[in-house]
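Colleague: Can you build the whole structure from these sequences, using the hints too?
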Amino acid sequence: MTAARPGGTRPPGLRLIRTNAELLVTPLIVVAGVVLLRANYNSADRSFADERALAWERNLRPQLEQHISLTLWSTILTVAIAVPLGILLTRASYRRLAGPVLAVATSGQAIPAFGLLVLAFAWLGSGPWTAIWALTFFTVLPVLRNTMVGLDQVSQPIIEAGRGMGLTRTQVLRQIELPLAVPIILAGVRTALVINVGMAALAYLIGGGGLGATISAGIQLSRDLVVITGAVMTALVALSIDWIAALIEKALRPRGL
Amino acid sequence: MSVLPAVPAPKIRLEGVGKIYPGSDTPAVEALDLDVPEGEILVLVGPSGCGKSTTLRLVNRMIEPTSGRILFDGEDVTSVNPDALRRRMGYVIQQIGLFPHQTIAQNVATVPRLLGWDKKRITERVDHLLDLTGLDPSIYRDRYPKELSGGQAQRVGVARALGADPEVLLMDEPFGAIDPITRDRLQNEFLRLQGEIEKTIVFVTHDIDEAIKMGDRIAILGERSVIRQFDTPERILAYPVDDFVSDFIGSGSTLKGLNFERVRDIEWNNDFPLAEVGSDPAEARRRLEASPETWLLVLDAEQRPLRWVNDRHLATAGVDLATAGPEVIAKVLPNATLHDCLEELLLSNAGQAVVVDERGRYQGIIDVDRLADVLKRMRSEAKKHYDALAEDPEAAS
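Those protein sequences? They're chains W and C, same order as listed. Everything in the first sequence is counted per my numbering, starting at -11 for the first residue and increasing by one. Everything in the second sequence is counted per my numbering, starting at 58 for the first residue and increasing by one.
Treat each hint with caution, since some may be false.
Derived CB-CB ranges, DEER-like [what the hints assert, rightly or not]:
| no. | chain 1 | residue 1 | chain 2 | residue 2 | range |
| --- | --- | --- | --- | --- | --- |
| 1 | W | D140 | C | G106 | 50 to 58 angstroms |
| 2 | W | S95 | C | S81 | 35 to 43 angstroms |
| 3 | C | E224 | W | P72 | 34 to 42 angstroms |
FYI, nobody ran anything at the bench for these hints, they're computed from the structure. Idealized CB from N, CA, C, for every residue including glycine.
Modeller: Here you go:
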C-alpha cells in the first residue's frame, strides 16, 4: 500500500484535535473549574470542619478515586453484559427473546436510582461492589439497546454480499456488523458512563464511597464551601469522563463511514 | 453461419431444484432443471416476482433448496459446506453491498483474504482486478466506498466478485440501479471483460433488452420460476414459443433480431449500376436503363460512393455526375449489425445502404428486401429448430 492519503501519516491524536476543535472546549472548562475551585477554597473563610471535610489526602482524593472506580467498574460490567447480550438477541435464533429481555432491562432503568441502591443493599449488603452492581443493572439498557440498534441498522445488502462471498456468520459479525455498529454502541456506552458518574454520587448511601460523601457532609454541616466543592468536583469528573469517552468514540469510529 | 455452436458442457446443473417455504402450499420455485453452459452468460429473465432471484440464490445456497440436486462441475454440492461453496462463486447484487468501513482494496481482497492468500499476492490481485474493471488502482485503491459514484461502486462490486478468480459468477440485476447511460457503458465493458475472462455466468434481470444484449443464452421464466423458453437470444426473438414469451419480449422483437447478424454475413447486391465521376453520362444512362434499379451510384476516382442519380438527373442536358443527384449518406461497414444497417437505410435518399470498406471504398448495396429476407430466414430456421425439437428432443440442441 503506497500513496498515503493526506492526513494518513500524521499522528492520529493531532488529526483528531485538528478536525474536532469542539473537543478543546471541555478541557478548558475543566481547567477553569479546577482553578476557580482552588481560588474559592483559598479565599474562603474556612472553619476547622471545612478543612477536615475537604482534606485532600484524607477525604477528597480517596473519594475521587472511589468515584472514578465506581464509574469505570460499573461501565465495564455493563459493557461486558450488554454487548454480548445485544449480539445474541440480534441473532435470528434468539431474536424472539429480545422482547422479554428488553422489558427486564427497561424495568432496571425505570426503578428510581435510590430505590435500586436500597434494593441492592438489602440483597448484597453494604460496600462498593453493591453500588457497582446496582449501577450496572441501571445502565444495561442504553448499551443493550444501542448494541441491538447498531447491529440492526447494518444494511441487509452489505450482510448479504458478505454471506454471498462465503463469509461465515461469525466472520460477518466480526468483520462487518460489529465494526459498522461501533459508533452506535459507543454512543450507548458514553450514555452509560454519564449516568454512572452521576449515580456514583449516591453510592455513599450504602457505603460505596465516592464524592457524594463530601456533598452529604457539607449538607449535614450546613457548610456551603464543602457542598460546593463536592458538587463542582463531581461535575468536573463527569465532564472529564464524558470528554474521554468522546475521544474514544472519535478514535474508534471506523473510517469510511 | 446459421448453425449455432453446440451447447458447451454444463458447469452448473440444477436437477429438480425447488423451494417451498415453510407454511406455504405453493412452491416459490417449482422443481427446476437447468444447465448453465461453461464459459457462457446465461440470463434468467422474467417478470417481477417470478422467482428468478430466488432461483439464483438457490445456486449458491443463499437459500437452501427443499428438493433436487445442484451439480457443480459434476460434483453434487447440495450438502457441502455452503460457505466453502460460495467462495468458489463470485456474487454481485444490485445494491452492490460494498463494506463501507473498508477501503476499495480491502473490499476487493475479501475472498482472497478468506482463502488465506499472502499479502503480496493479494495486493497484486487487487491491482490487477481494479485495472481490469477500469479503475486506476493508484487512485482508487485506498478510497472508501462512499467516495465512489454508482457506476464506480458497481465496478468495484464486480472486481470484488472476481477476487479469487472464481469459475462462476452469479449476478443479481447488477446494473439495475444505475442510470441508463452508465448502465449501457457498464454492460459493454462487462461484455468486453467477459471476452477476456470467459467465466460461467448466471445473470438475473427483469429487462428483456438487457437479457438480449448480455445473454449467450436466455431462460425466460414464468411464475414460480417455470422455464417458458430456453434458447439463444436470436432464436427467442425469431420464434417465441408461446404468447407468454412473445408478450414478455414485447413488440419490435423481430427487429431486435437484426442486432445478431452483421452486414458481412449476408449477400450484398453486387451488380448495382455504377458510374465513375468524369465518365460519360450517356453511358451511365444506358447502364441504368439496362438494370432493374431506379438509381445509379456515382463513385469517385478512388471508388468511394459519392452521389445517387436517377434517369431524370441523367436526362438533364449537360449533366455533371460530380454534382447531380443527392449525396450518399447511408454507408455501413461490413462489421456493422443489420440493425445499424436498417437505420442507415431508412435515412438514405435512395432507400439503399452502401457497404464500404475501412477506406470508404464501395463494396456492395443492401436494400430493405434483403433485410426482410434475413428476418424470414431467421424465423424459419428457428421454427425448423423447434419442429425438430418437438420430433426428437435428444437430437436438437
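Colleague: Of all the hints given earlier, name the ones this structure violates by number, lowest first.
Modeller: 1
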